[in-house]
Structure formats: structure tokens, C-alpha cells
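Colleague: Read off the chains here:
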Amino acid sequence: MQPAFANPVLETPPKISISITEACPHACAHCYSDCARAPKAGELSIPAWRRVIDGLTEEGFIQAYFEGGEPFAKPGFLDLIETTAPRMMTLVRTKGAGLDAAVADRLAAARVGRVLVDLMGADAATHDATAGAAGAFDQAIAAIGHCVARAIPVDVLVVLTRSTAPQLNAILALAHGLGAERVGILRLYPLGRAKAIWGGIALPLADQMAALAALAPPPGLKVMQSWHPRDQNCCWQAAALNAFGDMIGCQYLREYVNYGNIRDRPYLDAWRNDPLYKQIRSGNVEASCPDCSGSQRSHGGCRSTAFAFHGRWEAPDPFDVTLNDGVDLAVLPDRLR
Amino acid sequence: MGLTLPSFPTDCVSAAPGLRLRPVPEMGTCLAYDPDRARLHTLNPTAWLILSLCDGRPRAAIAAEFATTLRGLAGPAPEQGAFSRGLARLMSLGLVITGSPQTRSSSPQKETAP
Amino acid sequence: MTDRITPRELLARLGAGEPQAGEIVSEVRTEAALPFFHEGSGAPAGGITVTGSLAAIVSVTAELSWQGAAAVQDWLTDPLPDGSLGTNETELGELISEGLFADSELAGTARYLGTFIVAGQAKRSVKLLIGLTRPVSEAQYATAWAKALAAAKGADRARFDRIRSVLAMLLDEENVKVERLLLLSGVGDLIGHSIASGPAGG
Chain F
74 MQPAFANPVL
84 ETPPKISISI
94 TEACPHACAH
104 CYSDCARAPK
114 AGELSIPAWR
124 RVIDGLTEEG
134 FIQAYFEGGE
144 PFAKPGFLDL
154 IETTAPRMMT
164 LVRTKGAGLD
174 AAVADRLAAA
184 RVGRVLVDLM
194 GADAATHDAT
204 AGAAGAFDQA
214 IAAIGHCVAR
224 AIPVDVLVVL
234 TRSTAPQLNA
244 ILALAHGLGA
254 ERVGILRLYP
264 LGRAKAIWGG
274 IALPLADQMA
284 ALAALAPPPG
294 LKVMQSWHPR
304 DQNCCWQAAA
314 LNAFGDMIGC
324 QYLREYVNYG
334 NIRDRPYLDA
344 WRNDPLYKQI
354 RSGNVEASCP
364 DCSGSQRSHG
374 GCRSTAFAFH
384 GRWEAPDPFD
394 VTLNDGVDLA
404 VLPDRLR
Chain R
-14 MGLTLPSFPT
-4 DCVSAAPGLR
6 LRPVPEMGTC
16 LAYDPDRARL
26 HTLNPTAWLI
36 LSLCDGRPRA
46 AIAAEFATTL
56 RGLAGPAPEQ
66 GAFSRGLARL
76 MSLGLVITGS
86 PQTRSSSPQK
96 ETAP
Chain Y
42 MTDRITPREL
52 LARLGAGEPQ
62 AGEIVSEVRT
72 EAALPFFHEG
82 SGAPAGGITV
92 TGSLAAIVSV
102 TAELSWQGAA
112 AVQDWLTDPL
122 PDGSLGTNET
132 ELGELISEGL
142 FADSELAGTA
152 RYLGTFIVAG
162 QAKRSVKLLI
172 GLTRPVSEAQ
182 YATAWAKALA
192 AAKGADRARF
202 DRIRSVLAML
212 LDEENVKVER
222 LLLLSGVGDL
232 IGHSIASGPA
242 GG
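Chains as they are written, first to last, in our numbering: chain F, 74 to 410; chain R, -14 to 99; chain Y, 42 to 243.
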């Protein structure tokens, strides 16, 4: 039987997200990977990542998005960037730790396409409290400056929580003033350490929508968000690897799926043949918001939050006002506690 | 880099060095990664055809092959001047440069079409 | 690895349009998703509204790529260039509802029901539905289209070109399928007694 809804279909994925390490000098309260200062046992080495990048290039990937942990905490990460950037559009997400002037010089020379810096507040007190590290805010601000000074495009990322919601416009102004091109407002995911403190940091959906409605970005700053009417089910083009080389489709699915390890199986094999991967990408969902599907050409919204709150891959995304159906986003299901 | 449009039909044009092309036919597009400028581009099939023809030959020869190729296709053709507009666009993006491949430091990378 | 494709092959599949190229910058809200589609193009008409009973439906189904389906959707929702109220779909509807069979005894019998995108796995069907309050012969239907298009061309060349562009998207595909469906309950009993006398006027 034909599904009621269907996402666009990619025969092969053009872009991939790679969590290069779960080491991080910060101790973010809501860390999705439960990172520690030292790398975890079993993380792929840089030589192993080089072989992975070779394989991904052969498989047609043309964009790599590196994140962590903190990527710059991985010894040899810059070497990997220098071998990746000539072949793939290369983006790096960082909290700014370790991105000093010398590192920025190497990023510019390697032709990194874009650096994305997380801000957890508009001031040092708020940011450092969430990051669990004194001086983290100053590092992030300095990292933005180093990149902007070298004409590396910079985006700022901010996760919408109880502590960032009142500061969103201040963060937009700060980002714009520092020379960032765009700000991406990300939803809070019930992953890693965020689950343990969910009730203290998560906002009800109405409060999230109110915070978004109150956004007043400075002229010239582009703001992106993934709530209604732009709730995208981007699984149809999502490919991701965690620090251990496991194929997980999307970093936000890290606790829910594993399509095998890249050392054992080519990515395209999982893409083409894993039944769950194909199901998650399909867009065969129980309900689709007409506004979001009209603007995004995909159905049902984010699969990670849909699965987190409902336990079904076909469930509607409760972060979409039209699909929420009474789910209180400030309260985690018992299953996730 | 300044924009240099070929002024004469005898000017030679080439794809920029190091370009990596990645067709996504199911989306009707070809992605082009320019590592020198760290930029990713999307080309529709007509623009991709123009880029693929830019192999260091004179512009007039490329325009002739472009026209011949389109005549062999069913359906409506683009309006007159499409080649010039497309070539100018590709040059403004830095995907096509003047000169022959021999004058460049490196050649375009092979296409990856999984 | 496999299935290499050339620009010529893709052009043969999709047709040649104005060359377009531009920088593509990944989104930051959804893990660097690539924006293959432009935002802001709403879905076309979501329902069928019919006044009066229908005797037949003409269903024009084109199997298109996602890009092709998106192009049809964009065309339908594009505002009219002269700034007047409505979209391209409004003009298409007017051509069908008012132009088909104009100046004949069958004037007013055609209804534009809508253009719908039916999602499948690898391809997308775009289905244009035309309702007819009286059944007509295939020849009458073809003649009506020819006359309506000729009249439109003579009256407003720009409007004609706009409508022709979407018809080319739908009808130039090799695998377009046109079905004529008689709706028996609308014109007779379930064994089609009133149909037995043949199409109206024919």
C-alpha cells in the first residue's frame, strides 16, 4: 500500500555529519553525548578517519559537517580538516575551545567553508554557567572573532532553553555585532545529560513559540529555526557518524539507532539496505502539518523528537504546534527518565 | 577574484581548477564544490552542460556544441542567448575561468556519481 | 561508483531550461541540511469543489521527478505577473472552466477541479483533473482544447505562454497518461442507460 505521505527520495546522500570525538574541555549541563575531558575508549583515530573520508568521497559525499564533543579537542583534527577540505565542503561546529588565532590561520589556509559556534547565553555568566567552565564565553567570542577576521563565514548556534529564551534577541545582536552571518536556533533534544535536568531547562511549546515570535533580528542577520511553519523532516537527506564510526543517520538519533560501523560496512550499504534507515527517511508518518510540508517538502517534522516523545517512528513531531496534540514538552516521558 | 568575461568568440574558457562535481539527478541538479573558494554550488542541467563543455576550447566552439546538444533534445529550448547568460553566470561564480586547462595549476577532479 | 549520469542524459530526462547556477549554503537549524527547495511555495489547492453534478472526469497524470513536481507546484502558486489577485492556477482554471467549449452548445460544461501532487516513492505523480457536466467524445474534447488555446493565444500572448509552459511540463513527458472516466451516477443509473445513447452532441 502506498504510504499517506512521502519525503523526497535521494538515491545517495550528498552530505554527512561527523561527531569526531566525545571529548570536550567544557562540562555542558545538557551535553547530548555526556562528554568528558578525555576521549572515550573506542573512538576512531585520525588515521582511521582519513580512511573513512576517503571512502565517503568515493561514495559521493560532497559536504562534511564536523562536530563533537569539541572537535578541536581531538589531537590531529586539523590534519584531518586539511585532507577533507580539498574534496568536500567542510563545516566545523565548535564551542570555541581551542580555536585560537593559530588554529584559525590553519582553518583559513585549509579553506574551511564555515564555522558554527555555540552560544549558551548573551553574557559570560549565563554561558559559563551552562558550559560548566569559567572563561567558556570569552573563548567562544574570541573564536568568532578569529574566524571573522580571516573571512571564514561564521554562524552562531543557540539551543532554546529556559535560560537562553529571555536572551535570544541579545544573542542575535551579539552575533551580528561580532560579524556572524546567521544564527540557527535549535530545539533542545532529550539526549545525554539533558534528560537528567529536563524539567529545569525545557520550556513548554507555547513558551518556545512565544520566544520565537518575539525575535527581532538586526537587519542583515539571517535567523533560522525549525519550528512551525518550518518544521522539517530532514531525515530524507541525513547521514551521520558518531565518534566510534557507528552509522546513526542523524546526530539527534544517536541514542535510538545504529546501522552498523563504517569500518565494517560502506555507508551506502546502510543507506540502501537498512530497513529502519529507509523507514525513517521515507516520510511515511501518521500526520503531516500542511504548512510545514508546504514549505519544507517533507512530512511529520523531526523524527528524533517524534520518537523521543511517542516511541514510534511514524509519530507526529510534538514540537510542531499543529501536531503537538497536547504533549507537554517540559515533561519527559517516563521511558526517557 | 575579479570577474573576467570572455569578450571574443575566440577566447578559451575552462572549468575552474579543482572543482568537484556531484550530480544529484533525482533533484534535477548537479552540485559543484569549489575548494579554492570553499563554496558549494547547485547547477541545473543546462548550466551543468555548459560547465561540462568548458574544456579549454574557444567560446564559439563550445557555444556551437551547446546548440547542437539542445537541438537533439525533445521539448522547448531555452530562449536565445541562454549560453551567454549561463556562461556569464558560471564565470561570476568562479566556476569557469578564461584560459585553457594547460595554463592551470590543476585539473578538475573527477565527477563522483554514486 | 555506479550509475554515472551526464548532463546530456539529465537534460534528456528533464528538458532544457534557462541555465541556473548559484551558491548553496547549508542550513544550520537541521544539522546542515542542504536546501534543495525554496521555502515559501505553498501547496496547491487542497480540495475539490464542484458545483453541479459531473458526468465525466478527465484525469491527466504525469509522472515527474521531484524537481519536476516542485516546478509544477511553484508555477501553480506563483502570483500573476500583473499584480492582479490570483495565481497562475487561477488562469489555468479560467482557461479550462471558461475557455473549453466556449462558443458552443457545450459552453460552461467543463470544470477545473485542481492539480494535485500524489506522492510516491521515487517519482511523484502530478494529476490535473477536469470535470465535465456532460460526456463528450474524444474528438470534441481535443477540438475544444485546440480552440481554447488558439483563443487564448490571440487574446493575451503572455498569458498563453504562461499556461503553455505548465502544459509543457505536464504533457511533454513521455509517460503522461490521460484517462477519461465516466461517472455513471451523475448521468444515469448504474448500468449507464443514459450513456448508451452516446456522448452529448456526438
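Keep in mind that the hints were calculated from the coordinates and are not lab data.
Where hints are given, some of them may not hold.
Claimed, not checked - Covered stretches of chain F, as calculated for chain Y (at least 3 residues, CB under 8 angstroms):
no. : segment
1   : 291 to 301
2   : 322 to 330
3   : 376 to 389
Claimed, not checked - So these bits of chain Y aren't anywhere near chain F, every CB distance computed over 12 angstroms:
no. : residue
4   : E72
5   : L133
6   : Q181
Each residue gets a CB set at the ideal place from its N, CA and C atoms; glycine is no exception.
Colleague: Would you mind marking each hint as holding or not holding in the structure?
Modeller: The hints, checked one at a time:
1. With a cut-off of 8 angstroms between beta carbons, the segment 291 to 301 of chain F has 3 residues touching chain Y; three or more are needed, and the interface restraint holds.
2. Look at the segment 322 to 330 of chain F against chain Y: 3 of its residues bring a Cβ nearer than 8 angstroms to a Cβ of that chain, three or more, so the hint holds.
3. Check result for the segment 376 to 389 of chain F against chain Y: violated, 0 residues qualifying (beta carbon to beta carbon below 8 angstroms, three or more required).
4. With a least CB separation of 5 angstroms from chain F, Y/E72 falls inside the 12 angstroms interface cut-off, contrary to its annotation.
5. With a closest Cβ-Cβ approach of about 19 angstroms to chain F, Y/L133 is found to remain outside the 12 angstroms limit, as its non-interface label requires.
6. Once the 12 angstroms rule is applied to beta carbons, Y/Q181 is consistent with being away from chain F; the minimum gap is 34 angstroms.
Of the hints listed earlier, those the structure fails to meet are numbers 3 and 4, in rising order.
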